[in-house]
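Sequences listed follow chains A and B, in order.
With this note's numbering as the guide, the letters of the first sequence map in order to residues 1 to 108.
With this note's numbering as the guide, the letters of the second sequence map in order to residues 109 to 373.
Hints listed in this document are in silico derivations from the structure and should not be mistaken for laboratory results.
Keep in mind that this is a model prediction, so the values were computed, not measured.
Beta carbons are placed, not taken as given, at the ideal position from N, Cα and C, and that holds for glycine.
You can take every hint at face value.
No more than 27 Å apart at the CA atoms, straight line, and that leaves these computed lysine-lysine pairs for DSSO-like:
(1) B:Lys338 x B:Lys296
(2) A:Lys91 x A:Lys61
(3) B:Lys338 x B:Lys301
(4) A:Lys54 x B:Lys254
(5) B:Lys338 x B:Lys127
(6) A:Lys55 x A:Lys79
(7) B:Lys254 x A:Lys91
(8) A:Lys55 x B:Lys254
(9) B:Lys254 x A:Lys88
(10) A:Lys60 x A:Lys30
(11) A:Lys54 x A:Lys34
(12) A:Lys30 x A:Lys99
Going by beta-carbon spacing under 8 Å, a handful of chain A positions derived as facing chain B:
(13) Ser41
(14) Cys42
(15) Gly48
(16) Lys51
Across the chosen pairs, the derived CB separations fall in these ranges:
(17) B:Arg305 x A:Thr74: 30 to 38 Å
(18) B:Gly189 x A:Glu67: 36 to 44 Å
(19) A:Glu67 x B:Thr249: 37 to 45 Å
(20) B:Asp177 x A:Glu101: 30 to 38 Å
(21) A:Lys91 x B:Glu205: 36 to 44 Å
Residues per chain are reported as follows:
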Amino acid sequence: MRSIISNLMIICICALGAHAQAQDYNSELKGIIKVEVDGLSCPFCAYGLEKKLKKIEGVKKIEIDVENAFTLLTLLDGKTISETTIRKKVKEAGFTVRKIEEITDEGK
Amino acid sequence: MKGSDFILLVLLISCQTEKEWQFEEIIQLNDIKPLGIIVTDEQMWLTDVDRNRMIMTDLKGNLVETYPDLLRPMHIVLKEGKIYIPEFLRDTITILEGEHLIAMPLDIELDAPAGIDVMGNTASIVDFYNYRLILIYDGQTIIIGKNGHADGEFNYPTDVALFEDKIFVADAYNNRVQVFDYNGQVLKVIGWKENIRVATGLAVGPNRIYITDFHGNRVLMYDFNGTLLKIFTDHFDKPTDIFIHNNRMFVANYGGDFISVFIQK
Numbered sequence: 001m002r003s004i005i006s007n008l009m010i011i012c013i014c015a016l017g018a019h020a021q022a023q024d025y026n027s028e029l030k031g032i033i034k035v036e037v038d039g040l041s042c043p044f045c046a047y048g049l050e051k052k053l054k055k056i057e058g059v060k061k062i063e064i065d066v067e068n069a070f071t072l073l074t075l076l077d078g079k080t081i082s083e084t085t086i087r088k089k090v091k092e093a094g095f096t097v098r099k100i101e102e103i104t105d106e107g108k
Numbered sequence: 109m110k111g112s113d114f115i116l117l118v119l120l121i122s123c124q125t126e127k128e129w130q131f132e133e134i135i136q137l138n139d140i141k142p143l144g145i146i147v148t149d150e151q152m153w154l155t156d157v158d159r160n161r162m163i164m165t166d167l168k169g170n171l172v173e174t175y176p177d178l179l180r181p182m183h184i185v186l187k188e189g190k191i192y193i194p195e196f197l198r199d200t201i202t203i204l205e206g207e208h209l210i211a212m213p214l215d216i217e218l219d220a221p222a223g224i225d226v227m228g229n230t231a232s233i234v235d236f237y238n239y240r241l242i243l244i245y246d247g248q249t250i251i252i253g254k255n256g257h258a259d260g261e262f263n264y265p266t267d268v269a270l271f272e273d274k275i276f277v278a279d280a281y282n283n284r285v286q287v288f289d290y291n292g293q294v295l296k297v298i299g300w301k302e303n304i305r306v307a308t309g310l311a312v313g314p315n316r317i318y319i320t321d322f323h324g325n326r327v328l329m330y331d332f333n334g335t336l337l338k339i340f341t342d343h344f345d346k347p348t349d350i351f352i353h354n355n356r357m358f359v360a361n362y363g364g365d366f367i368s369v370f371i372q373k
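Go ahead and model the full structure; you've got the sequences and the hints to work with.
Rendered as structure tokens:
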């Protein structure tokens, strides 16, 4: 009985964790967004990622930093995009997101 | 054997021995990160992918002409006075003829073309995000390959060369070069044993294949049987392309803003 209860508790914790993560990915981002990516190492990869991210509606500018493996998305005023959308495009480009965060100009 | 015959024989053997490659010089570039390279007797053409342009320099690397407004131009080729430029972000092949830029007519949609070669009426294009090789000849468009790691499959192809009746493809993230016939049959897979870390570019000459190893900072030379003949290890920084001209090998270094030159003596 004890093992059943502990198993149920583990399942509940996992489910809650997954739910929390899913909620995070649905958060709407605005302004300048820094996307850190694993495996962004050559110009073909970097500009491949640029190509995929450019297709996101509301993106005004994309800057790619190949050496430090991140990209900065500047959104049009008043536009927002979800973290899920960014993650999907990064995956389409062949990469895995390490971190996504909204930043200010000073935080670049 | 007469003495004169012996001398003739020695001369013949020495003539047939391939000359050794030696490092000659570094051509430093100013504010150019070269990806693709073409060399002629008097000029170099380089794609400066970070700045969305192609440039022409003299053989010392001094800027002569700039062609702006290209969207991430990659591996270029010069054939019959025309330069063919794959535009990675525009999904087109742009042709520079004289002073005019025109789009190459294609009846197939590309997704990030990275390299092209042209021979007579035949053209081959590597289509990076579609993981395929496109061969256009005799009015037909033939598609070769799909995503994967097996022979005949690609993991982000980045460069292509036509030579005699063969097609050579830099299968970048499978870390190898694949050789095909015009029917799409794999004839040879080269380089997979040498721990190449991203095979970004290639050059092909008579019985010679040269491959750039981007992260390994090397150039590897093979014969058409796939036998490794030489590994060049010095004077590179993230090499992306090679051009052989007048017994010289020119290597574009994306990481270091320079061209490494080797000479065959």
